[in-house]
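Colleague: Here is what each chain is made of, one letter per residue.
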Amino acid sequence: MSELITEVERLGLIIEIGGVAVRVHTTCPDFLHMLEERYAGYISSGAAPEIQFDVELGPPGNADPHADVHVSQRNGRWTLTRGDFRAEWEPIQRHGLIRSRANPYSIDSVLRIVHTLVLAKQGGFLLHAASAIRNGRAFLFAGVSEAGKTTISRLAPSDVTLLTDEISYVRRLGDGYVAFGTPFTGELAQLGENVSAPVAALYLLAKGSENRMEPLPDGEAARSLLANVLFFANDEELVQEVFHSAFEFVSRVRVFRLTFFPDARIWELIR
Amino acid sequence: MTNLYVARNPRVAARSLDGEMMIMSGRDSTLFTLNKTATLLWQAADGATPLDQIIEQRICTEYEVDAGEALRDAESLARDLASHGILQISEEPIVRGESK
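Protein chains in written order, with my numbering: chain E, 1 to 271; chain Y, 1001 to 1100.
Extracted from the complex, chain E is given alone in its bound form (with noise of 0.2 Å):
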């Protein structure tokens, strides 16, 4: 009895992300070598975690496979949902069940919905963006699919530590905010670097023909960020939350318009 149980506690593994750790616990060792693989880097043995997740493995039971994500939270219970998987967590117990197959994207959607809802409650979010340090600062370039976000990471000098090509990281602490690397990759499929820095500036993508920098006035820069935050629950505190988080980042760093022709002069502006 004492070897299955043994066996049972080496059946987990702990994903840290921008400082939040959370456990997964999985009766397939097969899983868990993906789950290794996949969060490599972001592996923690070390950190207490915040969310603990049970992990059952076969199809999620929802009734269309092609369904949208769906989040929404009742009697301190979220549920999400998505035609792959559907996963149920109450903050409170810090516990919550995931049913998907086995498959890295479901339980990557997962840790992402629930990122953004720690976060939400924290003045951060998470943001369609990718980032990267230089000379100990975070830089986040924002932008919808083809704006750039790939097309700058690929271009960035050796003295730049990538944190991400497609999802940034974005939590407030004290008066300013700190980006942190995450596994979330876009089309460089290359995990960033798990490290993180203070949020220097915000640059919205817009490739062109020159490269050039405008500040944008704080309107315009949170009604850009806004729709660039990932959010997904029908939830109106939240929502809400989300929303002033967007007009206190405006408030306190620097957001620009970046109009850049895709070769590395670009990052000549970026200090």
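One should not assume that every hint holds.
Facing chain Y, a subset of chain E residues (Cβ under 10 Å, in silico) [claimed, not checked]:
#	residue
1	G83
2	D84
3	E88
4	F231
5	F243
6	H244
7	A246
The hints are simulated quantities; they were obtained by calculation from the structure and are not laboratory data.
For glycine and all other residues, C-beta sits at the position ideal for the given N, C-alpha and C.
Dock chain Y against the given chain E, drawing on the hints supplied.
Modeller: Relative to the frame of chain E, chain Y by itself:
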């Protein structure tokens, strides 16, 4: 024509920045940016003042517009915002989010 009363939904998030009022629907996360006229309407939407009085007292005193046309535009805007849960509209005064 019946009076129309409009009230801000206290549960939506709103901020004024650079002269623009930005409002986000908590229901569907739609972001609205109101122009100056719409901002005046939003600010005056106390649930107690009929829409035609708001137009007369707040809009027509600021802009050279035909009161009838302004009222029609305001009604259209109010119904649009109400469909997103931003405003409440009623043919009776609205008190604490309810019409009485």
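Colleague: Hints first: check each against the structure and report whether it holds.
Modeller: Hints, one by one, checked against the model:
1. G83: With a minimum Cβ separation of about 21 Å from chain Y (threshold 10 Å), the hint on G83(E) is violated.
2. D84: With a closest approach of 23 Å, the D84(E) hint is violated.
3. E88: 22 Å, violated
4. F231: With a closest approach of 7 Å, the F231(E) hint holds.
5. F243: Holds. Min distance 4 Å.
6. H244: 6 Å, holds
7. A246: With Cβ-Cβ at 9 Å, under 10 Å, it holds.
When held up to the earlier numbered hints, the structure conflicts with 1, 2 and 3 and fits the remainder.
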